[in-house]
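Chains as they are written, first to last, in the working numbering: chain A, 833 to 1177; chain B, 833 to 1177.
Hints listed in this document are in silico derivations from the structure and should not be mistaken for laboratory results. Computed from a predicted model, the values in this text were never measured in an experiment. For each residue, glycine too, the CB sits at the ideal point set by N, CA and C. Check before you lean on any hint, since a few could be wrong.
As the list claims (entries may be wrong) - Label pairs and their calculated CB-CB ranges:
1) B:Arg-1045 to A:Ala-1041: 36 to 42 angstroms
2) A:Leu-1087 to B:Gln-1159: 39 to 45 angstroms
3) B:Arg-1045 to A:Glu-1165: 27 to 33 angstroms
4) B:Pro-964 to A:Asp-1144: 46 to 52 angstroms
5) B:Lys-1092 to A:Val-1096: 56 to 62 angstroms
6) A:Lys-1082 to B:Gln-1159: 55 to 61 angstroms
7) B:Glu-1125 to A:Asp-1144: 21 to 27 angstroms
8) A:Asp-1038 to B:Ile-1157: 57 to 63 angstroms
9) B:Ser-1162 to A:Ala-970: 37 to 43 angstroms
10) B:Ile-1157 to A:Gln-840: 51 to 57 angstroms
11) B:Arg-1121 to A:Asp-1144: 20 to 26 angstroms
12) A:Asp-1038 to B:Ser-1162: 54 to 60 angstroms
Number of protein chains: 2
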Amino acid sequence: MQEQEHQQWMQHALQLARHGLGLTSPNPPVGAVIVLNGEVLGEGFHEVAGEAHAERRAIADAYARGNGHLLPSATIYVTLEPCSSVGRTGACTDAIIQEKLGRVVYGSTDPDLRHQGRADALLQAQGIEVCPGVYKDACDHFLRSWFHAIQTGRPWVTAKVATTLDGRMTRRQNFWLSGVETLRHAHQLRLESDAILIGGNTLRTDNPALTIRTPLQTPSPRKQQPWRVVLTNNMLSLPPMATLFTDEHKERTLLWENVKDFRVLLNELYTRYGVVNLMLECGGRLLRRFLEEGLVNEWMQSISPMVGAGPDFLVPGDFLPQEFIFQRESLIECERDIIIRGTLG
Amino acid sequence: MQEQEHQQWMQHALQLARHGLGLTSPNPPVGAVIVLNGEVLGEGFHEVAGEAHAERRAIADAYARGNGHLLPSATIYVTLEPCSSVGRTGACTDAIIQEKLGRVVYGSTDPDLRHQGRADALLQAQGIEVCPGVYKDACDHFLRSWFHAIQTGRPWVTAKVATTLDGRMTRRQNFWLSGVETLRHAHQLRLESDAILIGGNTLRTDNPALTIRTPLQTPSPRKQQPWRVVLTNNMLSLPPMATLFTDEHKERTLLWENVKDFRVLLNELYTRYGVVNLMLECGGRLLRRFLEEGLVNEWMQSISPMVGAGPDFLVPGDFLPQEFIFQRESLIECERDIIIRGTLG
């Protein structure tokens, strides 16, 4: 019974956390809800790095609703273990202790070694009950890209590809492969990403803007356009009037020449630009390199219902050094296209 | 109200017709049910060419159930216009007239010029009410391969392909691409086909049996193994001990050398061997030729969740002379694979 109630409120907190998707990097998106006798006293989510964490926002929300006096007997549900070290905003455990909350229920354990498991002891020492690991699998899955970045120092890399049934990436006369609804899913992924990477070939051929235009959800007004990362072997070969160099977001365009070590590049994107979610919108050649290096974590492919469309292949050449097996997480029929999404093992 | 009743019984007749799928060629699979006051008096389907048609089997079934005396006021629902010319089994219109059935409701109009529309006048002249075209779209769709064969003199061609996400047809070390459940769908398509075509390369590389082993439905005891058609440029290059030449079904293997005109080949398969449904299980090169000639009508592709699996492509080479756009009819998640099926426009 309590188990069920815990799950239900943690799902609620996870829904709140989703509002932060694509906004919080390098921090994780986190949601929190404070509950007493089945009623919400206050709720919140972490929105932008440097601002209040989910727990503090839920507490502030409880005060704003006139529920501040009820906090001492209430339970706070939070998708991630509350932080216990002072960053830019003060430790969340301190806020919880200060408000004398009765109980803390959380999902994922913080992988950051400065915090990991410390919250339990700190809170329990103040007589606060702690229930860790509730709805943990769902919370961990939701935070997988952030965990990956913390643990490897590199962003979670999602390859976005659009192909025909026979694996071609282009059509005659540059007609678009994907339908309008399918493009909205691609823009949604941009909305949830911190950066989008292409190669010089794609820049020259498609002159893309790589901006968020028609996502499935209305973007938060706080969402910045993703970084637009261009890898090239020859900077001088890029057209200086390309959209990425001239549009209103041109300061969000990053250019790298002759990258030898993709791991170093990815580490720089994470540490210097706070990129936790990187989306690949490059062509087959560059994608093959990311695959060969074992750097692709997730895959989103739309397949358009046609064959014989073009001469390009997703991954030209011979066998890759290993096969990449895909764990399907979703399959959507999107008008005439299908969209398949999953993680690469 | 009557409309709804008609539809319901026609669906019932169509279900009966499905039992004949893959058995009746060169005849169409047809179902019939005789109904009085919402009760089934008798039902049947056409099972094997040369034997009784659906209408005569439904009448015989009504007699077997002791309902023969009720036929004169009953309605017969049949998925296809009753035949009006005497073949091996006598015209069905004659049987209906002889039994003095009160009403005939049918779905598709017979495309055979010997029959087309003749049934209406013949039956009405005997005072039998005729309702043509009930549930016509579904009946026409069900009979599409037979219509195609009648109209073109060639079998309906369904390409069966198994690929990776990037359109490869092979894996390292000849591991199978598809999962066990996916193979059952392929065997089901074999069950519904009259012949399966491969090229000499597939014979040499895979030494397939092309027999029906694990279909989704239990095969009728009357189902023969499909014809196994091999196209080669050099008969002498084929291994004489290949399964297709030595197994218990070897008399069902047909071999063609140096076929120049695929239309002539297909016409021969239809007129000489009664092949209405032809399944392609060939490799990319031969499939490309069938596509280029515009001879592929339907497409069934399983996509396995992996990338970088092998050096082969579904359709090697440059742009095809035209794109083939696919009308999706079904999309199935089949364990880790997906199966997409549709018709090519």
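Each hint tested on the structure:
no. : hint                                         : in the structure
1   : B:Arg-1045 to A:Ala-1041: 36 to 42 angstroms : violated (53 angstroms)
2   : A:Leu-1087 to B:Gln-1159: 39 to 45 angstroms : holds (43 angstroms)
3   : B:Arg-1045 to A:Glu-1165: 27 to 33 angstroms : holds (31 angstroms)
4   : B:Pro-964 to A:Asp-1144: 46 to 52 angstroms  : holds (50 angstroms)
5   : B:Lys-1092 to A:Val-1096: 56 to 62 angstroms : holds (58 angstroms)
6   : A:Lys-1082 to B:Gln-1159: 55 to 61 angstroms : violated (43 angstroms)
7   : B:Glu-1125 to A:Asp-1144: 21 to 27 angstroms : holds (24 angstroms)
8   : A:Asp-1038 to B:Ile-1157: 57 to 63 angstroms : violated (22 angstroms)
9   : B:Ser-1162 to A:Ala-970: 37 to 43 angstroms  : violated (31 angstroms)
10  : B:Ile-1157 to A:Gln-840: 51 to 57 angstroms  : violated (46 angstroms)
11  : B:Arg-1121 to A:Asp-1144: 20 to 26 angstroms : holds (21 angstroms)
12  : A:Asp-1038 to B:Ser-1162: 54 to 60 angstroms : violated (33 angstroms)
The structure fails to meet hints 1, 6, 8, 9, 10 and 12 from the earlier list, while all remaining hints are met.
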